[in-house]
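Protein sequence lines, in the order shown, are assigned to chains X and U.
In terms of the numbering used here, the first sequence opens at residue -6 and continues consecutively.
In terms of the numbering used here, the second sequence opens at residue -6 and continues consecutively.
Take every hint as true, because none was put in to throw you off.
Identical copies carry no separate label here, and so any pair may be met within one copy or between two of them.
Cut-off 27 Å, straight-line C-alpha distance, at most; resulting in silico cross-link-like pairs (BS3-like, lysine-lysine):
no.: 1; residue 1: Lys195; residue 2: Lys620
no.: 2; residue 1: Lys494; residue 2: Lys669
no.: 3; residue 1: Lys617; residue 2: Lys296
These are computed hints drawn from the structure, not numbers from a lab.
A quick note: this is a predicted structure, and the numbers were derived from the prediction, not measured.
2 protein chains.
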Amino acid sequence: MKQLKWLALTVLGLVVFVPRVKAQSTVDAVMKARGLTDKDKLAAVKTFMPRGGRDEYFGIVGTGNSGTMIVYGVPSMRIYKYVGVFSPEPWQGYGYDDESQLLLKKSSLDDRIPWYGDMRFPAYSETNGDYDGKYAFFTDGANARVALLGLDDFETKQVLSNPIMNNLFPEATVTPNTEYVIQTGQYPHPWDMRSTDMGQAKNAITFWKVKRMEKEGEHKGRIIKEKSFAIEFPPYQLDYNDVGKGPSDGLFFGLAFKDGKAYVYAVDYKKAVSAKKTRVNDFDVVKFDDIKGSVAFIELPAKANMVKVSPEGKYLVVAADNVLVLDAAKIKSNLGKSIKADAVMHKSVPIGKGVVDVTFDYRKNIAYASAHDDSKIVRFNYETGAKKDEVKLDFKPSYITVPQGNSMHPHSNYLIAVDKEAYLKNLPKTGPVRPSVQHLIDISDDNEMTDIYTMTLPQANVYGNELILRTTIKPIIRYPTGTNSRTGEPSPFRAVAGQEKIERKGNRVHVFGTLIRSHITPEIVEVNQGDIVTFHLTNLERAEDETHGFTIDTYGKHGSFEPGKTASLTFVADRAGAFPYYCTEFCSALHLEMEGILMVKPKGYKGPGTDLGAGKLSKEELAKYKKQYEEKLKVIKQTGDVINSVVDYLKKNHYEKYPYVKALVQDAVDQLNKAKFTEDNYKKYAKEGKWKDAFLWAEQYFQYQVKAADVGLRAKKLLDEKLGKEQ
Amino acid sequence: MKQLKWLALTVLGLVVFVPRVKAQSTVDAVMKARGLTDKDKLAAVKTFMPRGGRDEYFGIVGTGNSGTMIVYGVPSMRIYKYVGVFSPEPWQGYGYDDESQLLLKKSSLDDRIPWYGDMRFPAYSETNGDYDGKYAFFTDGANARVALLGLDDFETKQVLSNPIMNNLFPEATVTPNTEYVIQTGQYPHPWDMRSTDMGQAKNAITFWKVKRMEKEGEHKGRIIKEKSFAIEFPPYQLDYNDVGKGPSDGLFFGLAFKDGKAYVYAVDYKKAVSAKKTRVNDFDVVKFDDIKGSVAFIELPAKANMVKVSPEGKYLVVAADNVLVLDAAKIKSNLGKSIKADAVMHKSVPIGKGVVDVTFDYRKNIAYASAHDDSKIVRFNYETGAKKDEVKLDFKPSYITVPQGNSMHPHSNYLIAVDKEAYLKNLPKTGPVRPSVQHLIDISDDNEMTDIYTMTLPQANVYGNELILRTTIKPIIRYPTGTNSRTGEPSPFRAVAGQEKIERKGNRVHVFGTLIRSHITPEIVEVNQGDIVTFHLTNLERAEDETHGFTIDTYGKHGSFEPGKTASLTFVADRAGAFPYYCTEFCSALHLEMEGILMVKPKGYKGPGTDLGAGKLSKEELAKYKKQYEEKLKVIKQTGDVINSVVDYLKKNHYEKYPYVKALVQDAVDQLNKAKFTEDNYKKYAKEGKWKDAFLWAEQYFQYQVKAADVGLRAKKLLDEKLGKEQ
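Isolated chain X (complex conformation) (with noise of 0.2 Å):
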């Protein structure tokens, strides 16, 4: 039954009518009140996730023109993280933080770091010619770039400038062992980064080589960009590519364009490899005239869409009005040559108007395509030509993929097809322009695909995902303590609790803090207007998902702490005043506790050090100080207490026999033995009466107490578990 419940809802003056469905009860009753047919109801149990449910596959998809990638969940389809790739992203301090900005610095032509990138089609690194979950890449095409992401983490490693071309076709490619991630450029120029003259004008396909390092929880792989090539390739406008297999393995393809003419082009790239080097803008480049007859040209009948090699690397599958088959073994027989399709054609598939796409499954031999103009996707068999079956859709398909579809073993029972015209049926308006929209396919049934699910990217012209099993990437949850994240190296700007502290030399200040619960410390950072200041900061949580954000107040600064991770914020301070920082992540009951302040004092401020105004206290006020730093002490000896009972009862009970819980005691020794010169500290100034600094030390002295008793009782957990004495 539709229960409507209505109100009265006065707009502007207006009385307006708007039902509210109600929508409790049972299942039938909410899909007659949602209008929702059966055919819903199966589509809704399939892609409906329960809570503490796990998809099956994750996504990547770059965010178009946003420069960012995007992590999702397959059959969820719920968006999961977006990630900083080619633009700056605040939420992760990636293009904020100085780590992130060196990174993104090596991938400027001169010296300037564009904060955009136009990216598509990605690649997983694999092994053997499966993904192995390790990384993924990504071509920018507007800027020219290469990225290289660890899984480990999810975060942006590596990002290089394409040193001969200045535009890239937006994907990228990777060979069967990622020895290489590949790109070609998209538009011919001149390759001087200089000229004009167009009549100079060549495209180049770029080997970068991929030195892979990897171990448990540490994907360390990089490009190295001086092991890496370009070959010449003739002024040809360059597309959509893919890379051998099997018997295919060591060709490159894809298509080219020139005088309305299309072709497929093959490459024996381990013959460039080996090839006569010369160098251009100082990078190694095979000049075409010394590859040229380990290439062929192969004149297709129509103008191509796509290029795929078949799973198991027999095939060429290219969508051209027809799709058709292409004998990769008789492409390698011809190279060198020009020649037409027809040489070389296995079978010639008539699948529908518009061929824009095809992907493979895990069953023998079968593909399907996307024929856009019929709104249809079609499931045939690329050895046999046979078509199978296929589905009408509401929509006009572009894009198609199936999770692994470019790997020797494509997985899943999924298809998701891109929907470049979801604006007219599909979803509510925001505005002039829409989201991007992606439709998930059940391809389950052997005979029978269902669209099942339109799921929204909130970005327009974003397409080009890969998909992935889940459970093939190990994602880490902590960084070993003080670790760069963007290196993977322990960074030389770590700092441990205790050992805080801020170096001035001249104008450059350097402030060593930490990140824990609830405290940044220093939390006073005092400098002149016009310093050089860097805040590195360390956290200390070893807790899972204990993140901790920072920023200063109008410095337009942000970095994200991850539980280990150290990161380094550099500005100049040139505006005077008393500006808060603060967690900007929510950490725990006590988060808004989290925050310390920047005194920036003014050019030509001749007064005392700061000394949060004491030096202008009232009595009364003074007096409140003088209280709180007692009451304050009572509660460092209560502390105190507490840690030295926790002390001898470990002693006691032979901790030191236990090498882990010993450690864990050390470090809380440490710990307090290292803020000693708080304790120091607020004993100088109460003897001074200066309260408001004694109290204000004698809380940083009980905040380290606090560290210390926790890492304490957690030593004290594990002793009487270890002691087998509960809780």
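For chain X, the structure is supplied; the task is to place chain U on it using the hints.
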């Protein structure tokens, strides 16, 4: 039946078996395979959005530390749009085009734009205390700014810096007719934006005056800084706040903290409007001494987490251990005093441990409270103090929202609860930092609430949403041609078809160009290295969702051009070479052909003008261009014939009698007349034997023809409709 297919997947040399869920067939089979309960099935049909379905509500939420706004739908919980507010967002060119940079510059304290924003609790504009769907407002806590967004196009229209405070509590609050948007500082500090003397620290409440100006599809309302003011506040730490309505209209309420005590304060802000002002930082300020007779301080018995005014305006509902229901009328009669909560207490309702938030729904006197530490949400009557029912959750709820819950007419049977600790149970791992989670809770039943959906938001620490009936917002789908979308006014830089031009004065180059499927005009722009270049582009499309994007390779610039929009991209052409520019939105099948080239001639270049290499063309190439030119001439002739036949037809049928048809015909004729110079050019170059230039200009002329023909055919179609003829 759970159908599994097993696949041998070789990863790093190990054979791993991974099940593939086969999810086709019946609802029962799917439920069994996916482990769903009957409760899950009910939740699935409540949230599944069928093709073409429209959500009941639009939610908006700040992305926390990303400085952008997310728009999403309820109950589908799909994310529809990311909108740049305080941080740059390249997908719409926000922070990249001149118009949005100018907008952001107005939020700069000293010519530096903070490119970061900490944004949480937004507000929708209101009329008579109800959400009217015209504007949304956000506060940037970290950089002390306010933003106004127009919901006509879901874009940021205004960002201003707070002249008094250097930090704000990240909440925006609006008065019942959006007379003011109100912000409070969070941490007190000296106001002079210079001193570090914390003895001078103060807080402030800022009332930004909103001038409302809207008609169908145009929301031109803006904040008027000159009519805004702040109220000085003693150095309390301030956070959550709300504004009175109905009987409490004219009062502003908030939480204040000092020396370990918590207060609700109330200010008669209408008194402040007419109170004496002094100028601070060139801004009107009411001194606390001049208003304190209109301020009440109500000391609370415990730490407070939230204060909200009940929908009818009679009560303040405060989360402070118990939920305290305070009587607004009694508070009003205590203005000028400091009192204990007991003096104004209507009810004190024990809810559970750690009450974080309260909200309201359409039921009379009903409120909801989240008891964080007890993992439950309680429904209760705030008039009688009686508890109704509660839902036990498997997470700890913090902030809770009901659609239109802050208005005088809360709506909906949904409640959204923020879950800050979702990482433990609900989500797959995506590295050390996790997404944010909101749960959708069905509150439609009067006696039982049900948690039905777990939504992920792909940045950490996202909370503070507001929801509105979707149908209250009336978004536009295009701008009047040539609109500066940030001001809503006609852009002085707009261009129309056929009047594109390149203007140069010294080293300053202005390109006035147009975008229409599938051409960027002009297609060649030639400048000298070091020139300051601006591309002013207008999207001439009128079709829905026919957005074009624009970028220039390696120049890191990006603009988004929705139908009718004019925007400008300024840069220094300091990198010599030939740089393709192109449309970054998939706009039609010919999208990839929507491109052009920027020629930046190196410094000291003395050669001829750019001729795309014509000077170096071989005989064969020249012959090829000659042939292409001659073929293009034939096409031009054919297209001209079509245009002439349409013109004849229109004339014969007296098109001039129909004003709109007449206007279209005039438009078509105009376009072609303005293209005359391209015709002259191709003829000239043909005469000189410069076949490449001749071909390119002929191609350009042809593009104008196509546009003219398109307009002409639309005119014909319209005329046929008027004449009642079949198409």
